Amino acid sequence: AQSVTQLDSHVSVSEGTPVLLRCNYSSSYSPSLFWYVQHPNKGLQLLLKYTSAATLVKGINGFEAEFKKSETSFHLTKPSAHMSDAAEYFCVVTFDQTGANNLFFGTGTRLTVIP
Amino acid sequence: SQTIHQWPATLVQPVGSPLSLECTVEGTSNPNLYWYRQAAGRGLQLLFYSVGIGQISSEVPQNLSASRPQDRQFILSSKKLLLSDSGFYLCAWSVQNSYNSPLHFGNGTRLTVT
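Just so you know, the protein sequences line up as chains A and B, in that order. Here the first sequence is numbered in this note's numbering, starting from 158 and rising by one per residue. Here the second sequence is numbered in this note's numbering, starting from 2 and rising by one per residue.
Chain A extracted, bound-state conformation:
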């Protein structure tokens, strides 16, 4: 069965320190993986995506994620947190099958940045 798990519902970091948001997936197919960010009362914005090319993916706003097949993980990182990074982050996975309804959302991680 296909699924995605965000291991932390809430992460709190100090401004200027590294950010790590964890995501693991379960699948018997080849996955494509995405990270989205959602600021309060806004839609979800695509941060980055992995689609079987380079395993280290760079996204917008200084974020990057590394696909590790052996660990079935796709953790999101940023070297130095900024106050504007405070938001909800969603890990999303889709699998190698066509169809409109093949996306699986994690339950989200709320990132708090302490000044």
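These aren't lab readings, by the way, just hints derived from the structure by calculation. Accuracy of the hints is not assured; some may be wrong.
[As the list claims (entries may be wrong)] Quick partial rundown of chain A residues pointing at chain B, CB under 8 Å, derived from the structure:
| # | residue |
| --- | --- |
| 1 | Ser189 |
| 2 | Phe191 |
| 3 | Asn198 |
| 4 | Thr208 |
| 5 | Leu260 |
| 6 | Phe262 |
From a predicted model like this one, the values you see are computed outputs, not experimental measurements. Even for Gly, the Cβ is constructed at its ideal location relative to N, Cα and C.
Chain A is fixed; fit chain B onto it per the hints.
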């Protein structure tokens, strides 16, 4: 470039009143279209998706319905709202027949049923 418009941004409606939320996409043809709901402090719940005009798939039995009268127009409706319909509604589109196409979201509608 592609854009997605969703309106209204906020809506306060009494219980039992009708609902119509509209979403349009520009700059692309024949997209997959989606309606999601996000309850307070919770993840996203897929409500409906559509792969073409007049083709609607419902994921959750409920008080809501969706229609796609035109290729790039997706409407979410209800005849009689319930308190439990309150939430944040998001429209999204993706490229059809591309399994790794990301979703592109609108800015959402905050619905409060009183």
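Consistency of the hints with the structure:
no. : hint   : in the structure
1   : Ser189 : holds (4 Å)
2   : Phe191 : holds (5 Å)
3   : Asn198 : holds (6 Å)
4   : Thr208 : holds (4 Å)
5   : Leu260 : holds (7 Å)
6   : Phe262 : holds (5 Å)
This entry satisfies every hint, going by the numbered hints stated previously.
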